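Chemist: Chains as they are written, first to last, in my numbering: chain W, 1 to 187; chain C, 1001 to 1091.
Just so you know, the hints here were simulated from the structure itself, not pulled from any lab data. Among the hints, erroneous ones may be present.
[What the hints assert, rightly or not] A few chain C residues that face chain W, going by a derived Cβ cut-off under 10 Å, partial list only:
# : residue
1 : L1010
2 : D1016
3 : T1048
[Unchecked claim] Now the in silico label distances, taken between C-beta atoms and shown as ranges:
#  : chain 1 : residue 1 : chain 2 : residue 2 : range
4  : W       : D70       : C       : L1019     : 28 to 36 Å
5  : W       : N162      : C       : L1029     : 20 to 28 Å
6  : C       : R1024     : W       : T160      : 16 to 24 Å
7  : C       : R1075     : W       : R47       : 17 to 25 Å
8  : C       : V1033     : W       : R109      : 49 to 57 Å
9  : W       : K27       : C       : D1067     : 17 to 25 Å
10 : W       : S30       : C       : K1035     : 39 to 47 Å
11 : W       : N28       : C       : V1033     : 22 to 30 Å
12 : C       : S1014     : W       : E113      : 22 to 30 Å
13 : W       : D126      : C       : K1035     : 46 to 54 Å
14 : C       : K1035     : W       : N157      : 35 to 43 Å
15 : C       : R1024     : W       : T58       : 33 to 41 Å
Since the model is a prediction, treat every value here as computed from it, not as a measurement. Where a beta carbon is used, it is the ideal one built from N, C-alpha and C, also for glycine.
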Amino acid sequence: MNSSTDPATWVTRHGDALYRYALMRLKNPSLAEDLVQETFLAALRARDSFAGKSKERTWLIGILKHKIIDHFRKSGRLLQVDNIEEEADRQDASFDERGHWNTGISNWRRPGEALEHAEFWAVFADCISTLPPHLADLYILREVNGMESAELCKVLNISTTNNLWVMLSRARMKIRHCLEARWFNST
Amino acid sequence: MLSCKEVSKLISLSQDRPLSPWERVSVRLHLFVCKLCRRYRNQLIFLTRAVRHLRNPPHGLAYKLPDTARTRMERALAEAASRRSTENLNG
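Pulled out of the complex, with its shape left as it was, chain C reads as follows (with noise of 0.2 Å):
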């Protein structure tokens, strides 16, 4: 019988890679009988969906880009591309 430390780590690498058949058996056989190992791995289930929603921006955070980085931004933008049309009459 698996410890609930290995469990804890082979329900995590689950997320990364397959389990072999082994190792999906044993988990299994302990799961039966652990309810902080069940927990843990609803959790960590939970936690994987919830991060996620952070590859787009979740409910209530939408982020704007400051006011000064984007005069900047334009300005560096702008800049830029005289100079670049400048060495293209130049060239």
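Chain W extracted, bound-state conformation (with noise of 0.2 Å):
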């Protein structure tokens, strides 16, 4: 048994870097929490497998990183949202009958500068927090998980990856809305 994956450890270790990771993609401490528990559980029964062949770390965000997924599948609100998001499709506020915009689009004066503000962050978590629920777990899986379309529909059960696509444009678009209102345009 190598000695660095002694269990009594791991919360010390890699406790906050396991949170965070949780954290950044659940929006839900709580929830968090129960996933990261679970992870150290799951962990230790499958202790024996762990060839040492990655660093443990790595071994343990993998582990989570399937607790995740699996929570999205289960929580079941992807289902049948196809067909809602053809409707919103077409009802779309953004743009005029004949496809022009119907909101403006600000010039942002350097962006990148936000990056540096805290407040910045706190406004982008709650602009994500602010899409409708299916839209924001798809948002956070491909572009916090990092997740490739053909994955993502297949574990959140959407028809087509053209359904997708038209999905996370809508996303984009409000978050990208948000922001506009709640921080570049506000400050």
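Hey, can you piece these two chains together into the complex? The hints should help.
Modeler: If you want it as structure tokens, here you go:
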């Protein structure tokens, strides 16, 4: 047994890192805690299969990643959203009936500087959480988890990648709009 | 000529799959004459760059596992570990 996999030290050495990882993807502290705990327990059961090929942290994150995807899958709120989205797309208020911008698009000055402000990240997180839940899940899995389209469709039961892309486009548009209203036009 | 609505979708799409040559040309042509869509494209690029910072916690967001959760997890792990060793002894 490799001494570096002593479970008694896991929480101290990896607890914060796993918690941050989960929180960035779930936006829900108590759920993040639960999944981190489940990860540790699952790791304990699977400890014998940890061959020490990867770093202990990487191994634990790998388990956590699966727990998070499982959570999204089980939450089931992504099922049957395809039709809703088609409808929403037809009534998109950002454009007039000829497809021209209805809302203005402001000129953001020095957006890169926003990244340095803790307040900006709070607004960003808030904007993600104002999305309809299924769009927020999708957006986080795609952009924060970096999942590829085909995998995302499989995990979330979306019928075609085309529908996935339409939903991603809507999520990005909504977040852009929210950031403009709450950060770039208000400072 | 594509509409702004169509172009906005293609701009987003280009972050998920490569555009076809025809799509690329149509977008470029539209962007050449449309200031709002140029802004939209730049802002979407910014957005995606920003959100990727969340893969690793960004500046100023050093979340820590709360102490209560820490204690609970350590206890759960210790219990599970001792249960396992008893089972192994008995098994």
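Chemist: Taking the earlier hints as the rules, which of them does this structure contradict?
Modeler: 8, 11, 13
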